[in-house]
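Engineer: Protein chains in written order, with the numbering used here: chain E, 1 to 333; chain B, 1 to 333.
Among the hints, erroneous ones may be present.
Partner residues aside, some chain B positions facing chain E, computed with beta carbon under 7 Å [claimed, not checked]: (1) Ala66; (2) Val71; (3) Phe74; (4) Lys151; (5) Ala154; (6) Ile233; (7) Ile281.
Residues from chain E shown here face chain B by an in silico Cβ test under 8 Å; the list is partial [as the list claims (entries may be wrong)]: (8) Leu29; (9) Ala66; (10) Ala76; (11) Lys149; (12) Thr152; (13) Ala154; (14) Val164; (15) Gly169; (16) Leu173; (17) Tyr225; (18) Gly228; (19) Ala275; (20) Pro294; (21) Gly298; (22) Pro304; (23) Ile308.
Note that these hints are calculated values from the structure, not bench results.
Every residue gets a Cβ at the ideal spot worked out from N, C-alpha and C, and that includes glycine.
2 protein chains.
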Amino acid sequence: MTNISFDELKIKLFNILVKHDFEIENAELCSKIFAENTLVGVASHGINRFSAFINLVKSGHIIPNAKPTLVNSFGAWEQWDGNLGPGPLNAWRITERVIELSKENGVGVAALKNTNHWMRPGAFGWEAAERGHILICWTNTIPIMPPWKAKTPAVGNNPITMAVPRSNGHVVLDMALSQYAYGKLSTFRREGKELPYPGGFDTEGKLSTNAAAIYDTQRSLPIGYWKGAGLAILFDLLAAILSGGKSTNDLGKTRVDSGMSQVFICFDPSKSYSAEAINNIADEIIESVKNAEPANKGASVSYPGERIIETRKKNLKDGIYIHPEIWEKIQRL
Amino acid sequence: MTNISFDELKIKLFNILVKHDFEIENAELCSKIFAENTLVGVASHGINRFSAFINLVKSGHIIPNAKPTLVNSFGAWEQWDGNLGPGPLNAWRITERVIELSKENGVGVAALKNTNHWMRPGAFGWEAAERGHILICWTNTIPIMPPWKAKTPAVGNNPITMAVPRSNGHVVLDMALSQYAYGKLSTFRREGKELPYPGGFDTEGKLSTNAAAIYDTQRSLPIGYWKGAGLAILFDLLAAILSGGKSTNDLGKTRVDSGMSQVFICFDPSKSYSAEAINNIADEIIESVKNAEPANKGASVSYPGERIIETRKKNLKDGIYIHPEIWEKIQRL
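Please take these sequences and the hints and turn them into a complete structure.
Structural biologist: Structure follows, in structure tokens:
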């Protein structure tokens, strides 16, 4: 197969979503998010996961046209119910809501319960930054990592995004608390490659760079060992308490990746600065990072989000490579 | 020397502070924080750092009786100037302020510029939790880690605390974004011990467990390699932009550990729940973590803050061990 264009991919996904009872507006936004995630090089949370997403629609875990509803408002902190709607759509709409809340109060927080996998959290960070806002958001997940000094999974890898607007390229960090996201491990396993750094433990309890071995034990490694495990516990506590929704432990009872809790924190920096002033602060920080001396001669030091911009530009021009097996699956949906 | 009691330590520090022009109220609170940090086992940000703290008072980098003043209010997000007052006192008072803000708005955020090293951020997390509130706070620091793929320092280790109240023991995470805080590395170096996991790079550019070698290169390792480096960049961007204060790069220009920016985010969970209901959620999460099967038979799995409670209890009973060299230094202040 040849590479396909962003528009072609988006239309393909749109048609499948409509076929599975998504209303036009929802199919439009949902296909845009999945296609964009793929466009920027995160196929693991784009096209590669689309079949699984449709399966959850079919099984009733994702309700195509459900929208978030307000449960409680405490001023600048609101609690929302995702009503088991599609994760990317719920998260997109809650991002829009916290942007409004931050315009009113400087900062706005929405905690969302009963939602579904949001795919790539960076998508919401980029959107908020594009609108000139700062966003921090994270989700809990089913238990997929052991706490420190344990061997059975009891904490999530609880991905987080932090986004800051900048006219020379938004700064957007998008990461899970495991050293490697399972999506990434899955890619390494499929391609039979070793991880560059240990990503978990093997059956003998040793740190391993073999993705398949880590899948076997389900002992993926938290970033910074005990530190990432600690962050995972706190992210889960905050998500469950602030939203009134399910904890990682609750989610583990069904083992279906559905019903999670999320937190969105948004700032409106225009309250304090002109866009130019924010840029100046951000530029100075990013330049100081990029000016650090590379460990290997000729290498370049990048900032969070930089490669996303490059990949997006390249894929818009050359089309998006999609693994043939994945593309074949999509045809059957 | 024998162990000394919490009260004896506090009075000793109080007298030194008064001798260095601290007003009674400020000396009272400041000595309490330093003594408490030592009591809970974090001497590296308690008694072991007290001489350096006094030196910064003497050199005029810390102004003993300066207090934070409000610069801007945008509703639930406020900007404060720390006026180069003592870091622990500024942070304590801003914690009290965000608690009030969260009572008004559900969530309250204060960003603080021109402050000084706050010592142990956990101190503020514990205090907020003790008052029934959820607190997230972090600071930027001078550049003490290289960004990923670089060998010269350009990012801070930007410690963060996240605290959730719980009647069976608050859950309080307190960590730097380096695999080991420099305070910890300093202890390992002094005691001539190897780190249990690599904590940075040696002069040959290899990952190392030797604290002295890491001091030589100043290449301490971010948690999760590129992930912790990314978090450090975002924490710095947020601290500088939200407060209007100095960035890590700015702080690096003087190389004095003074004038940093901090962010405090506080929630009032009583808006949504009874204290009992919060406890139930937190208990269920903590129990699920502690019930994970230990990797080594007979080992126990702990949650963030658990050992602090145990150490505190033990030291209140047995007295606090203070390294003789440190104690001798204190006598000369």
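Engineer: Does each hint hold? Answer for all of them.
Structural biologist: Status of the hints after comparison with the structure:
no.: 1; hint: Ala66; verdict: 23 Å, violated
no.: 2; hint: Val71; verdict: 9 Å, violated
no.: 3; hint: Phe74; verdict: 3 Å, holds
no.: 4; hint: Lys151; verdict: 4 Å, holds
no.: 5; hint: Ala154; verdict: 4 Å, holds
no.: 6; hint: Ile233; verdict: 6 Å, holds
no.: 7; hint: Ile281; verdict: 5 Å, holds
no.: 8; hint: Leu29; verdict: 27 Å, violated
no.: 9; hint: Ala66; verdict: 23 Å, violated
no.: 10; hint: Ala76; verdict: 4 Å, holds
no.: 11; hint: Lys149; verdict: 5 Å, holds
no.: 12; hint: Thr152; verdict: 4 Å, holds
no.: 13; hint: Ala154; verdict: 4 Å, holds
no.: 14; hint: Val164; verdict: 5 Å, holds
no.: 15; hint: Gly169; verdict: 13 Å, violated
no.: 16; hint: Leu173; verdict: 5 Å, holds
no.: 17; hint: Tyr225; verdict: 6 Å, holds
no.: 18; hint: Gly228; verdict: 6 Å, holds
no.: 19; hint: Ala275; verdict: 12 Å, violated
no.: 20; hint: Pro294; verdict: 6 Å, holds
no.: 21; hint: Gly298; verdict: 11 Å, violated
no.: 22; hint: Pro304; verdict: 4 Å, holds
no.: 23; hint: Ile308; verdict: 12 Å, violated
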